[in-house]
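A.B. asks: So the protein sequences, as listed, match chains A and B. Note that my numbering has the first sequence beginning at 1, numbered continuously upward. Note that my numbering has the second sequence beginning at 743, numbered continuously upward.
Hints are computed from structural coordinates only; laboratory data are not their basis. A virtual CB, placed ideally from N, CA and C, is assigned to each residue, including glycine. Hints should not be assumed to be uniformly reliable.
Simulated crosslink set (DMTMM-like; lysine to aspartate or glutamate; CA at most 25 Å straight-line) [unchecked claim]:
no., chain 1, residue 1, chain 2, residue 2
1, A, Lys425, A, Asp499
2, B, Lys857, B, Glu879
3, B, Lys1051, B, Glu947
4, B, Lys804, A, Asp546
5, A, Lys606, A, Glu657
6, B, Lys791, A, Glu424
7, B, Lys804, A, Asp538
8, B, Lys791, A, Glu543
9, B, Lys857, B, Glu912
10, B, Lys791, A, Asp538
11, B, Lys791, A, Asp499
12, A, Lys562, A, Glu713
13, B, Lys791, A, Asp546
Residues from chain B that keep clear of chain A, each with C-beta distances beyond 12 Å, as calculated [what the hints assert, rightly or not]:
no., residue
14, Lys857
15, Pro953
16, Arg1041
What follows is the residue order along each chain.
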Amino acid sequence: MNSIASAQTLEPPHAAESERGLLSWVATVDHKRIGLLYLFTTLAFFLVGGIEALLVRVQLAVPNGKFLSPEAYNQVFTMHGTTMIFLVVMPMLIGFANYLVPLMIGARDMAFPRLNAMSYWLLLFGGLLLYFSWVAGGAPAAGWFSYSPLSERPFSTTAGMNYWIASLLVLGIGSVATSVNMIATVLTLRAPGLTIRRLPLFVWMVFVNSFLIILALPALNASIVMLLIDRLLKGNFFQPAMGGSAVLWQHYFWTFGHPEVYIMALPAFGMISEVIPVFSRKPIFGYPFVAASSVAIGLLSFGVWAHHMFAVGLGHIADYTFAVTSMLIAVPTGVKIFNWTATMWGGSIRLTTSMLFAIAFIIQFVIGGLSGITFTAVPMDWQLTDTYYVVAHFHYVLFGGTYFAILAGFYYWFPKMSGRMLSEKWGKLHFWLTLIGFNMTFFVQHILGLMGMPRRVFTYPNLPGWGALNMVSTIGAFILAASTLVLIWNVWISLRHGDPAGDNPWNAWTLEWATTSPPPPHNFDRLPPINGRRPLWDLAHPENPDTDAAEVGRHVPWKLEKNVTGMITFIISEAFFFLMLIFAYLYYNARPMVGPVASSVLDARKTLVFTVCLLSSSWTFWMAEKALHRKKMSGFYAWLGVTLILGFTFIVGQGLEYLGLYNHGLRMSTDLFATTFFTLTGFHGLHVCLGLIGLLVLLGLALSGEFAHGRTEAVASIGLYWHFVDAVWIAVFSVIYLRLLL
Amino acid sequence: MRAVPVFDAASPQARGITSLSLAVLAICGAILALIVGLTVYNLIRFRAKPGAPEPRQIFGHKRLEILWTVIPFLLLVWIFVLTVQAMHVSHPPRHGQPDIVVIGHQWWWEVHYPKLGIITANEVHIPTGQALLVRLEAADVIHDFWVPALAPKEDMIPGVTNYIWLQADEPGTYLGACAEFCGAEHAWMRFQVIAQPASQFRAWEADQRRPAPTPPAGAAERGRRLFLDKTCMECHSIRGVAAAGSAGPDLTHLASRRMLGAGVMTNTPPNLSLWLTNPQAIKPGCLMPNLNLTHAQVRDLVSYFQTLK
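Chain B on its own, in the form it takes in the complex (with noise of 0.2 Å):
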């Protein structure tokens, strides 16, 4: 986890932008310090003395406004310069087929992995060290995809595709979250990448591939056959059961996942039991209703996520 991570770079793209920040913040700080230092000179040297007559009437210095004209226009090339340079780094031009497409929902997000065939939701796993295009689509308001230790924010807004490259140097979880204002639960629309060396990741991915498992029969196939009766299906979808809806997450390898309900709380059988009682208690305002399950129906739908590795 990193405090700062716009200093803490993860990524060749998100440091093109940490030196970018240091050298603008560097500039931006000096213009401070001298307008601070020459007002508090003149607090000093200026104060009016008692009695004191009115001073010398000055009304302007034309050199001086040339100065303080040029002097800033010249820094100011000199950042542009320096943003040109970051944005090439930061945000190259894309190239080839994505790795990778993220669909903004109301509250979560989509992810597709197109060229393996993979769909999981609210978590982003990578291999290290590959610069992966990743493809930005939303499907109902405008959100906004940002890993601040990755790469630079895209908005993701509805009728327009974007793209960024995703890449992270070493292993580790970077947070992320939605940036853009898009409704009641904006404030849970949370994500984490999952940066793996590249045989972990190859190793999820194969988990990731696999259909759903039959349950044997017991609390969690109860729970299947209420997955199945129940309303769930109209939004969810497990592949290998006959249910396609695409509203909510995906849940296949729901119980792979670290968090629940984009980021709200971690995804543990207890805090599912939570959900699956009233999800309007967890995340009022999620577009999934209070489905007024019984305790003995919620145990048994815990029971089979938790199968779905």
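Pulled out of the complex, with its shape left as it was, chain A reads as follows (with noise of 0.2 Å):
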């Protein structure tokens, strides 16, 4: 029932699962169950960040305010930023991409549903976790970027800061695990014809989005980690009283606290350029240049990190080239507002409330880019950051910007995911509660920032004006909850006695509205073909279609292999969590230090000789991969014994390192030196032993007569992962060891 052409049912079908209740939940490997799952659960989180963001404003509601204590008071914003960030908006846009990217191309599932399924369960656990804190001793109280040292062990005494620590870990390995996970879908499982350039552009959002992610995220693990390795094992990376920077830590933070920015802008993006066409009765306006400034502002988003810290004193030279770097991405992010309003012009526009949240979208999306635009001008930002204004500008982004198009989405296709329509009487109330209730919130702070109002504060003096603005946002964050109690009862009336959906009930054109609503679990009986960027829009125009008849068959999509391309991205993932940690060594050794350095306790002599193991461990390994290639299962083994006693020799060479420089008095608090030579051996060797691991499972593998057909891709990505330790440890070695052998 799932070409266009034949009759839709009115009646929404029943869960299409055979699979029923809890368990068949818990067990699920399916992409819209777990994209369900996802957004349950940051529902969930968003209502307890919203209660905490009403704490907050009623605590700011008149000044000298005793509602909360400052201890208090600290712990909630600093919950609630981490919630929003982590546990709501990011895992919310995964939880959409989820849902919809497989669907969009015409898949039947991600490249790893059993992955996706560990990704879900992740993030759930990292949020009870970040929870947990505050029934352990107190919840973190050092804001979401937990500047050092206010987070180091002397300013931060209680546990919360580790708890946050370890959520933020545990909920970046899971988004990383997606991240990978979408790039090899959409790489390796796209339908016949879908093209890379034919791609819906939500589906090239999430994609360049995945790569920002893989990205971005190991540069938040490394310095997480190292904070941790400061606070639980007395390191120094960032306590300036051992020679540590504080200043590190926020060049650390902001390389991953950027792009970020993007990472919760971009999916959002997406929604909109898929909303406003529909709703336009239009293709969008220009979109290899909505699709190419996605892939432009991923670029500039890694360059621009330090227009956080212009208050810093980095001196003028660092100031002007990141007030360049970010005045440039306002360009493509300007393109896509002028396509998106491109799009509308001319077009036949119904005022759904998916479209009332999406217009919404484009005129607060730009007002929170204007007040951006402020910051780049450096002086301004002299005096605005770290004020009032800057909260309003975040919020404009992210709660004008991309909540207001998650709801845009959400009504878009929350008939989709349920086959009910939601009431459009109520959609209409939420939504101008909604505009109401945020605009009231925070375009008074702009003003707020700008009498001298520095954010963070738990109180402020009885200045004139300050109490009246203060007062208005808090009636204002009130309306905002109200709207959110209408949006919970307009899902609730309407999954019960909502409009039957249909099929697709917007006549929209993309291949999620080529199937039942909700679709079946293996999502397509039948794909229409695909010829063009909107292939439902060909079907029901043949007298017009989008692609000329001679284009029609000519572009046959490349394809991947899934368990190579998972891997690999895993690996550039990898790679960037070693070079944060690789470059934090380079810089603190480069200074003047008390302590023990490298030249005076290393032997590099010693260490040669396992650095040789390794290394030809990857040669031995490489054998193997051949021996199998001939089907001489006997070389196989022999090969990989060898790789595996190479490397195992490696790592008690390692040990017997740590163990002589032990004796020698050296500990992770010694001295900077000290600090980053274990984390960033340690780490290293942390990998060596995965990869061991990775070659037992082979072996297993091997012996259990999985080869025997010639399904080789684990040989493939493991081996892989292999060489990458072995490349990586070429870059320790050179940066550690090389120096004292010359």
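Now that you have both chains on their own, put them together as the hints suggest.
C.D. replies: Encoded structure:
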């Protein structure tokens, strides 16, 4: 019942899934169910984060507020920011991507369904870990960017900070896993005819976004691992008293933190790029420009981090540089705005709730973007950074922008996910309340910033106008809370009594509308022919198709093998993690140091011996692979065995080196050499151990006859990982030991 | 007092930022007006009419794309030029030795005048019409020195020294605050810049140079002994008295200051009593513990502190 030609059933089909009940949800690997789990979970966290926001606003409603203690307030705003970023916006967008990407590319599921389930459970576990801090001695209270040394042991004494780190690590691993999965899915599972240039824009932006995640999250993971080492193992990374640098934390954090802003925006841009064309009844204006501008934003987003640091005193040259890159990023963002506006121009605009949210998104996102530009005018940043003007700015981007886009997408795709339409009557009430509440809450905060109110203050003196504007903001926040109740009511009532959606209630054009609502577990019985970007338009308008007849069937999408694609993606991510650790080693060891240094305690010649073992194991593995391709199993076992022995030798060698250093009195806490050395080589050693486990798994697979039928993708993937671990060691060896040998 | 100090600057440095801000906000306002105008026009002109056929399918327009790439780019070049100019006005390169050193502590400001040999806390006195070089340091975590009407804000980072130029055209009190989140009492890490004509500034300077007088016998003298007997002097200094702690503000001229607890309340004898009775009730989380002083002890200490003009 999936071709458009056949009649649509108007009664929503009951869940086509054969399995029901709680356990089936726990055990599911279906991308749609996982997507829904993401959406339920993030909605729950959204309510929690929203309540935290209300607590903040109640405290700030009047000057000299006494509703919360300073410590409680600091915990609440830290948890609000951390929750909204890591447990709401990011995973909510990932949830939509999970549900929609396979449908939009005509696939049955994600490339790695089990990995997908794992990513979701990591989200839930990471979220619970963060909230567990509240019963384990106090929530973190250093703000969502946890500047050192405030986040270090002497100043954040409770376990809250450790929970924050542990939680973010768990969430970070989950996000990287999802993104590896997403990239492999888009690259390897597209339906015939669906070339990269024909991808729906939502998929395009999720795809670009996944690259941002695999490159940016390792920077966060490296930073918080270093912070955790400082806190638990007495490391010195960010302890100024021990020669560590408080500024390095900021560089590292924002290397992640600014791409993160786009990670929270790009998929939202994608949603808007789906919604606006459908409700304007026109294709997106300038598809190549909208798609390419995402790539430009993605690339530039890695070069703008220090615009969060104009007040740090990096000097005018650094400030000019980052002002320029930050201004440049406004250009591709503007291109998107103009293209959305041009898409509406000449269209036939239908003001559904979804479209209303999309239009409000454009205006509010423009306000947030323009106030962003004011920060690139560096002296304005010197006045306005760390004030309520910033709070207003990023809420216009993330709430007025991303959250409004998410709501546009929610009203748009809810019929597909549930089989029923959301009520437009309640929807419009929800829209207007959200619009008024949002602008009331946050517009006045621009003015408060200009009036001199710093952000993150638990209270403020009774200065002229401050109390009144804060009260307006608080009232707005309660209107927003009411609007959220209307949304929940709308979902509740529409799930029971909503109009049946049918396959394609909006007369949309992308593949997810070419199947039932909700789709069957396998997604599609039959796919329509794909000769352009809008297969369902072509189907409905054979007289006026998007693509020339001559073009039909000419594009054969290139496809890759999913395991190898996934592994390469993962390796890129890992490489960035090591890059951060290597840079920290270079940075700190280039500075004069009081304690022991590399040249005084390391024996590079001994290390060279086990280095040779590790590097030659890459060659022996290559020999093993060759033997396997020639179907010589005995040769395969022999070479794999040698590889394992060489790998173990390396680990034993490293263990002996550590033992020698320990006996020499060297500890993680000794000085910055010790801290950076143990961290870098230790993480490499950990990766070698993982690689060895991988090799043992290969051995097991071979013994169970898995490779007899030529299914050797696992060998190729693990092999890549093993070569990568060796390559990292070449870098580590060059950085630490090579100088000592010469 | 200036309601919107960012637009109501009182120094050449801050005025440089004000004019930049007005220009940039005007450009941004024009762009916003354009987008809002286009959207409103779209909504009026292109609303779907019942039964209307699908509109003409337009896929793009290359020249338009170039146009809305190049024009914003040129606007940004313009903003960048204004930015560079304003940077030089508001944050000129430093030269010479600092006139003032401000050290950020959790949650108060230590203020030194190295050339004058004066130490005070939570208020910065300056003579009008002179640009003073201020060195910024931090004792524990990152703080940020911000007086919006006078100067750009600048972080105070442990292990790093930063500088700004501080100047006020006219006498007056200019409010300042810590702008970088620094822990529990970040909200009450405020200060005042008090700009005075040169003659008044010199009088203030002369007062501040004097060590603390020894009070006559009585309540004030009992208070002085209490100060020495209790643990006060482990954290606080009073020049002229055998006390040299540096974790808390120097109290040599406490009575001359306007605010207590870095802005949490005005410096009056009743407020000082409240503070001494239990600082944790006034500024929860601050590093001064509740010393469990009796009413009489508090009264004596207040009497003593009133002599520290």
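A.B. asks: Check the hint pairing B/Lys791 with A/Glu424 against an upper bound of 25 Å on the C-alpha distance.
C.D. replies: Measuring from Cα to Cα gives roughly 19 Å; hence the hint holds.
A.B. asks: Beyond 12 Å from every chain A Cβ: check whether that's true for B/Pro953.
C.D. replies: Fine: 32 Å to the nearest Cβ keeps B/Pro953 off the interface.
A.B. asks: Given the hinted pair B/Lys804 and A/Asp538, is their Cα-Cα distance within 25 Å?
C.D. replies: holds, 24 Å
A.B. asks: Between the alpha carbons of B/Lys791 and A/Glu543, is the straight-line distance 25 Å or under?
C.D. replies: Given that 25 Å is the threshold and the Cα spacing comes to 23 Å, the pair holds.
A.B. asks: For the pair supplied as a hint, B/Lys791 and A/Asp546, confirm whether the alpha-carbon distance does not exceed 25 Å.
C.D. replies: holds, 24 Å
A.B. asks: Against chain A, does B/Lys857 hold up as non-interface, every C-beta pair farther apart than 12 Å?
C.D. replies: It holds; B/Lys857 is separated from chain A by about 22 Å at its closest Cβ, greater than 12 Å.
A.B. asks: Does the alpha-carbon distance linking B/Lys1051 and B/Glu947 stay inside the 25 Å limit?
C.D. replies: holds, 12 Å
A.B. asks: Check whether the Cα positions of B/Lys857 and B/Glu912 lie no farther apart than 25 Å.
C.D. replies: Holds, at roughly 23 Å.
A.B. asks: Does the alpha-carbon distance linking B/Lys804 and A/Asp546 stay inside the 25 Å limit?
C.D. replies: holds, 18 Å
A.B. asks: Can we trust that B/Arg1041 is non-interface, i.e. its beta-carbon lies farther than 12 Å from all of chain A?
C.D. replies: holds, 26 Å
A.B. asks: Taken at face value, is the distance from the CA of A/Asp499 to the CA of B/Lys791 at most 25 Å?
C.D. replies: The given pair, whose Cα atoms are some 23 Å apart, holds under the 25 Å limit.
A.B. asks: Tell me if the straight-line CA distance from B/Lys791 to A/Asp538 falls inside 25 Å.
C.D. replies: This hinted pair holds, its Cα atoms lying about 23 Å apart.
The structure fails none of the hints (numbered hints given earlier).
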